[in-house]
Amino acid sequence: MISKSFLKSSFIYTLVGALPMVSSLLLLPFYTNYLSTQLFVSLGFYISISMFFQILFSYSVDSYYGVKYTQLSGDEPSQKQFTGTISNLLIIIAAIILLAILIVGPFLFTFIFKENLQVYFWPFGFLSIVTAFFNAYFKTCTNAFIYFKKAERFFWFNVTNFILTLGLSIGGLFLYPDSLIGPIYARLISGGIIFVMAFFSFYAYSGLTFNKDYLKELHKFCAPFLIYVLASWGLGNIDRYFLKDHISAETLAAYDLLLKCFLGIEFLQNGLSAAIFPKLFELWNKNKKLETTPESNRYFNVFGAINIILLTGFCIVIPFGLKLIVSKGVYFTSFDYIGIIAGGYATRSILNFYLSTILYSKNTWLLVKVFSYSAVFQIAITYFLVNEFGLKGALYAGVITKVVQVLFSLILTKKIFDYNFNVVKIYLLPLAYLITNVVIFSICPVYNPILYFIEFFVFSLLIYFTFKNEIKIVLNQYLKK
1 MISKSFLKSS
11 FIYTLVGALP
21 MVSSLLLLPF
31 YTNYLSTQLF
41 VSLGFYISIS
51 MFFQILFSYS
61 VDSYYGVKYT
71 QLSGDEPSQK
81 QFTGTISNLL
91 IIIAAIILLA
101 ILIVGPFLFT
111 FIFKENLQVY
121 FWPFGFLSIV
131 TAFFNAYFKT
141 CTNAFIYFKK
151 AERFFWFNVT
161 NFILTLGLSI
171 GGLFLYPDSL
181 IGPIYARLIS
191 GGIIFVMAFF
201 SFYAYSGLTF
211 NKDYLKELHK
221 FCAPFLIYVL
231 ASWGLGNIDR
241 YFLKDHISAE
251 TLAAYDLLLK
261 CFLGIEFLQN
271 GLSAAIFPKL
281 FELWNKNKKL
291 ETTPESNRYF
301 NVFGAINIIL
311 LTGFCIVIPF
321 GLKLIVSKGV
331 YFTSFDYIGI
341 IAGGYATRSI
351 LNFYLSTILY
361 SKNTWLLVKV
371 FSYSAVFQIA
381 ITYFLVNEFG
391 LKGALYAGVI
401 TKVVQVLFSL
411 ILTKKIFDYN
421 FNVVKIYLLP
431 LAYLITNVVI
441 FSICPVYNPI
451 LYFIEFFVFS
461 LLIYFTFKNE
471 IKIVLNQYLK
481 K
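Numbering-wise (the numbering used here), the sequence shown opens with residue 1 and increments by one.
Heads up, a few of these hints could be off.
[What the hints assert, rightly or not] As a list, the in silico EDC-like pairs of lysine to aspartate or glutamate whose alpha-carbon atoms are at most 20 Å apart:
id: 1; residue 1: K150; residue 2: E282
id: 2; residue 1: K468; residue 2: E295
id: 3; residue 1: K328; residue 2: E250
id: 4; residue 1: K244; residue 2: E388
id: 5; residue 1: K114; residue 2: D245
id: 6; residue 1: K149; residue 2: E76
id: 7; residue 1: K288; residue 2: E388
Think of the hints as simulated: they come from the structure by calculation, not from any bench.
These figures come from a predicted structure and were not determined experimentally.
Modelling step: build the complete structure from the supplied sequences, incorporating the hints.
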């Protein structure tokens with residue numbers, strides 16, 4: 001059953017874990033108001049590059065950590081030794097990547113970015129890459145706090161990162177208006193501080209232990225998982241790399257601003273998943289069978305319901321909020337396609353349903369297949385549709401790709417788990433929301449908040465009547481504790 005303590009910890013891990021993305025959202029009005037649209041676009045590319053290298057620096061050990069740490073339950077010395085091995089491995093990986101990028105970085109940046117985009121390796125590109133390492137190490141450390149059951153430490157570390165990033169970025173923008181000095185150095189300095197905090201936390205728990213015996217199994221899990229995460233980065237960023245040569249800087253800036261707002265939704269989804277997955281692993285470990293159960297399904301039923309409510313509310317709140325805090329009207333053109341983007345995010349609850357089973361069964365090559373196939377499909381369809389239809393082509397390509405991801409997940413995971421679930425709750429509700437939003441965009445291409453108010457009301461009622469029994473169960477469990 002879903003306990004009161006689980007609900008409390010989930011609240012902390014989900015909301016506090018979202019603080020880095022909240023800081024990004026809070027900084028958006030400062031970026032849009034104090035930077036030109038050209039510099040805003042350049043900053044967006046620097047951030048996407050940083051996220052790419054964060055994936056390389058982490059080598060996906062943050063995802064592997066929870067699975068292995070749970071398997072070592074009852075053996076505290078081995079858990080500490082494993083944690084120390086992870087800490088030192090991350091530093092070794094960083095040294096190798098940084099040395100390599102110093103050699104090839106200038107050539108790569110010149111090859112990928114045209115002069116008019118103002119995206120260069122020195123100094124901002126390299127500093128963004130160093131920041132990526134700091135963030136990768138910090139993320140792994142705070143992810144470990146979840147499995148240590150250290151919610152308070154998780155809270156304070158993320159709050160510190162939030163305050164530093166926000167304060168230094170705003171201060172830098174005021175000191176150096178219409179310049180990337182403030183945003184880039186703020187991320188670097190705050191990243192350096194949280195890296196030191198994370199390093200000493202790992203050191204206090206495990207010392208400088210390193211056991212190479214863990215590396216074979218780790219590599220077997222992480223190598224394919226790394227490909228999966230890189231494919232995920234491609235799915236989330238490749239459209240802008242295609243669009244940069246087909247639309248104006250102003251239009252690309254507006255599109256990028258809206259997508260950054262959606263990163264807030266994505267981070268909430270990731271935070272909720274981070275809270276749910278450990279509980280699912282415990283349930284399946286006790287059950288001793290590779291099968292979904294009514295109790296494990298309940299977590300994803302709730303995930304899907306919360307996700308749709310968040311997305312419907314998002315389509316109402318974000319346009320209203322941006323008009324209050326963003327002074328340049330060029331960014332408001334992005335409101336017209338907020339619904340179709342939101343529709344694509346509804347599939348996340350379905351994808352995470354399959355992702356959890358793949359992770360638990362350690363079939364990481366399935367992740368590679370699902371997301372690599374999807375990434376290849378998206379590259380092809382985005383390239384074609386962007387060339388033919390510009391921005392509208394990228395929007396439809398994104399939605400089609402997310403549906404294809406679900407199909408790949410359904411087809412490729414049939415043999416790893418025994419799936420028993422309510423099709424309406426897991427599948428039909430998210431897909432109904434996606435289809436509704438695509439229809440709204442196609443029929444009414446100009447943003448109309450009344451349509452989204454109606455949608456919010458309809459889906460709230462639909463979710464209530466679909467999940468009312470489960471809501472009662474969860475509330476009764478909570479009140480009894």
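Hints, one by one, checked against the model:
no. : hint        : result
1   : K150 x E282 : holds (17 Å)
2   : K468 x E295 : holds (16 Å)
3   : K328 x E250 : holds (10 Å)
4   : K244 x E388 : holds (15 Å)
5   : K114 x D245 : holds (9 Å)
6   : K149 x E76  : holds (14 Å)
7   : K288 x E388 : violated (52 Å)
Of the numbered hints given earlier, the model fails hint 7 alone.
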